[in-house]
Each structure stands twice: as C-alpha cells, then as structure tokens.
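> Here are the chains, one letter per residue:
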Amino acid sequence: MAVRVKTIDPIWWGLFSAGGTLAAFLLPVHVIVTGVGIAFGWVSPQVLSYPRMIALLENPLLQIYLFLLISLPLFHWAHRFRFVLMDLGLRNLKTPVAVLCYGVAMVGTLLAALLLFLFF
Amino acid sequence: MNPQNSRPEDLLYRPHMSFWWWLQKRNYFLFMVRELSAVFVGLFALISLVGVYRLSQGEDTYQLYLSALQTPAARVLFVVILLFSLYHTLTWIHLTPMIMVMRIGSKTVPPILVLIASYLAWMVISLILFYLLMVD
Numbered sequence: 264m265a266v267r268v269k270t271i272d273p274i275w276w277g278l279f280s281a282g283g284t285l286a287a288f289l290l291p292v293h294v295i296v297t298g299v300g301i302a303f304g305w306v307s308p309q310v311l312s313y314p315r316m317i318a319l320l321e322n323p324l325l326q327i328y329l330f331l332l333i334s335l336p337l338f339h340w341a342h343r344f345r346f347v348l349m350d351l352g353l354r355n356l357k358t359p360v361a362v363l364c365y366g367v368a369m370v371g372t373l374l375a376a377l378l379l380f381l382f383f
Numbered sequence: 004m005n006p007q008n009s010r011p012e013d014l015l016y017r018p019h020m021s022f023w024w025w026l027q028k029r030n031y032f033l034f035m036v037r038e039l040s041a042v043f044v045g046l047f048a049l050i051s052l053v054g055v056y057r058l059s060q061g062e063d064t065y066q067l068y069l070s071a072l073q074t075p076a077a078r079v080l081f082v083v084i085l086l087f088s089l090y091h092t093l094t095w096i097h098l099t100p101m102i103m104v105m106r107i108g109s110k111t112v113p114p115i116l117v118l119i120a121s122y123l124a125w126m127v128i129s130l131i132l133f134y135l136l137m138v139d
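As you go down the protein sequences, you meet chains X and L in turn. Be aware that the first sequence starts at 264, since it is given in my numbering, and climbs by one per residue. Be aware that the second sequence starts at 4, since it is given in my numbering, and climbs by one per residue.
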C-alpha cells in the first residue's frame, strides 16, 4: 500500500470509522430482511408497508436511527472510495476527488436530515 | 519540472502503477474487494434514502418503490450487496483487535477475546434487529 496522506483529517476518519462500525454490525441483517428477503418474497413487503413506516417514523428515536443508518455509511463510502480512486491513478486529482466523495456524502446526509426530521 | 516552483510532494518518487495493479497478487485483490465493499454499503444507504424520499411523496409513489424492490434486477443487486456487506463485516471485525488494543488495568486483553466478543455482539445485535424488523 502506498503512503496515502501526510495529514489525516481526523473528522473524515472518525466518520469513516463510525460508518464502518455501524455498517459492520447493523447492515447485514437489514440487507437480509428488507433487501434480499423482500426481493425474493421470503419476507412480506408488509414489513416496509406505508402505514407501518409512517407510524414508525413518528418516533424521534427511529428518525435518528434511520438518519444514522443512511448518513454514516455514506461517509464510510466517501472515505474509502476516495482512496480507491487515488489508488487507481487519480492521485493528481486529490482535491476534486475528495470534494466529490465527501460532497456526495454531505448532500445525502442533508437530504436524509431534511426528510426525516422535518417531514415526518 | 522546475524544482524551485514545486511543492515538496511533487518531488516525491512515484513509481508508475498500472490501473490493474490490484489483479497482480491475491492480497492486492482482496484489499481492493474490501475497499470496494464500501461502494455496496453506500449503495444500500442510498437505496434507503430513496425509500425515505418516496415515503415522503405519499402512499402511491411509495408503492412504486416497494414494487421496484421486488424486481429481478433488485434480487441480483441485493444478493451482491449482501455478499459485499458480509465481507465488510468480516474484515472490519478482524481489523478491530489490531487497531484497538484493549487494556484492563495493566493487562492487555488477548486479541482473540476481542474478536470473539465482536462476533458475539454482531450476532446478538442481528438477532434483536431481525426480531424488531419482522415483528410488529
């Protein structure tokens, strides 16, 4: 592995790490139930039904949970994908790559916050 | 290159690497698979975000989203996402004891115990979430 950066931005690394931990422990079961399970018909789509989701999202704790479940993995993606792109030869575009990756994560986070905390 | 106008990092020796360097060794390949797992982890977050957006648009629109989750394309996509998600979990759990050295008093907790505890935590959390997701 090449020497990546001289100074690691602790905020990005912290978000990457938090997202990685959250994804490691929580994501597989979500993917199994609401992803694979519903897609193959092993799980009833009622699990994600409109009335159930609306009722669940009245709970602020579940709003926060879903917000973290969306936002932190996006920052995890941003940080890793940034270095994948640099490792694949975009080392001269360090700044645009970083802006693009963290920018996507920030826009996704903003949208999730607006939708979850203001709408529901 | 004029060294006087260059930033220090411009003077670093940079070996030329082929775009396909990660196919040259098994470990490089596994490293790349691990890093790319983040793409699928992020994709699942994005699909969830779309779901929340569709939910905010009302029941009819949300129903289209639920139907899209059951198409053959969705089946393929979610199987791929699941495989990468599991690979992410395994690699993340195995890296934790190396990064976090746990100490109790002056004694270091053996990494194998951290590893076992992580696996147990993952299973307990998954079972609880499975129950909460499935049961009203």
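None of these hints come from the bench; they were simulated from the model. Where hints are given, some of them may not hold.
To be verified - One-sided excerpt, in silico: chain L residues whose CB lies under 7 Å from chain X:
(1) Arg29
(2) Ala76
(3) Ala77
(4) Tyr90
(5) Ile128
Said to hold, decoys possible - Computed from the model, here is a short list of chain L residues facing chain X with C-beta under 8 Å:
(6) Trp95
(7) Ile115
(8) Ala124
(9) Trp125
All C-beta atoms, glycine included, are put in the ideal place defined by N, C-alpha and C.
> Against each hint, give a clear statement of whether it holds in the structure.
Results of checking the hints against the structure:
Contact between L:Arg29 and chain X, as hinted, is not supported at the beta carbon level, the nearest pair being about 15 Å apart and thus beyond 7 Å. Annotation: L:Ala76 was flagged as interfacial toward chain X, and the flag is violated, the nearest CB pair being 9 Å apart, outside 7 Å. The interface hint given for L:Ala77 holds, since its Cβ lies 5 Å from the closest Cβ of chain X, which is under the 7 Å cut-off. For L:Tyr90, the suggested interface contact is broken, since its CB lies about 10 Å from the closest CB of chain X, more than 7 Å.
Among the interface hints, the one on L:Ile128 holds; its C-beta lies about 5 Å from the nearest C-beta in chain X, closer than the 7 Å criterion. The criterion of a C-beta within 8 Å of any C-beta in chain X is met by L:Trp95, whose closest approach is roughly 4 Å, and the hint holds. Taken as an interface hint, L:Ile115 does not check out: its beta carbon lies about 18 Å from the nearest beta carbon of chain X, beyond 8 Å. A least Cβ separation of about 7 Å between L:Ala124 and chain X falls short of the 8 Å threshold, and the interface hint therefore holds.
For L:Trp125, the shortest C-beta to C-beta distance to chain X is roughly 5 Å, which falls under 8 Å, so the interface hint holds.
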